[in-house]
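Trainee: Please work from the sequences and hints to get the whole structure.
Everything in the sequence shown is counted per my numbering, starting at 99 for the first residue and increasing by one.
Keep in mind that a hint or two might mislead.
With beta-carbon atoms standing in for the labels, derived distance ranges [said to hold, decoys possible]:
hint : residue 1 : residue 2 : range
1    : E214      : Q114      : 20 to 26 Å
2    : Y265      : G160      : 34 to 40 Å
3    : D252      : E157      : 35 to 41 Å
No farther apart than 30 Å at their CA atoms in a straight line, the calculated lysine-lysine pairs in the DSS-like style are these [claimed, not checked]:
hint : residue 1 : residue 2
4    : K110      : K211
5    : K300      : K196
6    : K196      : K211
7    : K110      : K296
8    : K203      : K231
9    : K110      : K203
10   : K196      : K291
11   : K296      : K202
12   : K211      : K239
Note that these hints are calculated values from the structure, not bench results. We put the CB at the ideal spot given by N, CA and C, even for glycine.
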Amino acid sequence: MNTNDYIIRPEKREEQREVENLVRESFWNVYRPGCSEHYVLHVLRNDPAFVRELDFVMEQDGRLIGQNMFMRTVIDADDGSTVPVLMMGPICIANDLKRRGYGKKLLDYSLEKATEMGFGAVLFEGNIGFYGKSGFDYAEKFGIRYHDLPEGADASFFLCKELIPGYLDGVTGVYQTPAGYYVDDADVEEFDKGFPKKVKLKLPGQLF
99 MNTNDYIIRP EKREEQREVE NLVRESFWNV YRPGCSEHYV LHVLRNDPAF VRELDFVMEQ
159 DGRLIGQNMF MRTVIDADDG STVPVLMMGP ICIANDLKRR GYGKKLLDYS LEKATEMGFG
219 AVLFEGNIGF YGKSGFDYAE KFGIRYHDLP EGADASFFLC KELIPGYLDG VTGVYQTPAG
279 YYVDDADVEE FDKGFPKKVK LKLPGQLF
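Mentor: Take a look at the structure:
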């Protein structure tokens, strides 16, 4: 995808560390003091569920300004079947370019490519205020429950988008987060030593 302003293309192996640093800068002190998303991305690239064809970066004037990626996972349906779906993220845009429309352009392009590959639905943990603009809705409206979430707990963070209309018709069940997203804090700390030192801050609004 080319425009006058940016290019969206597959990530190259030689720029993986640069992409990880972009992710680190974008998520630092957002959801917790520091972040783990850059290490999660590092781990997921070697996971069998990683969809290499849907591993994208956004480039502007030779600078990497965004990234998105997807993982295969399933819904354990209440009827005993398993329904293949995608999990998305981490997805990010460089801090100085946030809230300028680049994120939606990257997101919509990524979803279009996932649709072309034949995937039926995407699950994601995010803000409906942003992702709703690209067709995501609350997963509970599709009958999909977040694993390990107590009954009655707030699940407004858990979003879903059908890529094939009607793909989830008649499906109810529990979504399973790919195992690769679960990382040990000690491993995150060790990995982070390879990046420029940054100060961890406990800020209002953080989740952890």
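Trainee: Are the hints correct? Go through all of them and say.
Mentor: Hint by hint, here is what the structure shows:
1. E214 - Q114: 20 to 26 Å: Since E214 and Q114 have Cβ atoms about 24 Å apart, the given range 20 to 26 Å holds.
2. Y265 - G160: 34 to 40 Å: Roughly 39 Å apart at Cβ, these two residues keep to the hinted range, so it holds.
3. D252 - E157: 35 to 41 Å: holds (37 Å)
4. K110 - K211: holds (18 Å)
5. K300 - K196: It holds: about 22 Å lies between the C-alpha atoms, which stays within 30 Å.
6. K196 - K211: holds (23 Å)
7. K110 - K296: Holds. K110 to K296 sits at ~26 Å (cutoff 30 Å).
8. K203 - K231: holds (11 Å)
9. K110 - K203: holds (20 Å)
10. K196 - K291: Since the Cα atoms of K196 and K291 sit roughly 26 Å apart, the hinted pair holds (cutoff 30 Å).
11. K296 - K202: Holds: K296 and K202 sit about 28 Å apart, inside 30 Å.
12. K211 - K239: holds (24 Å)
Against the hints set out earlier in the document, no violation occurs for any number.
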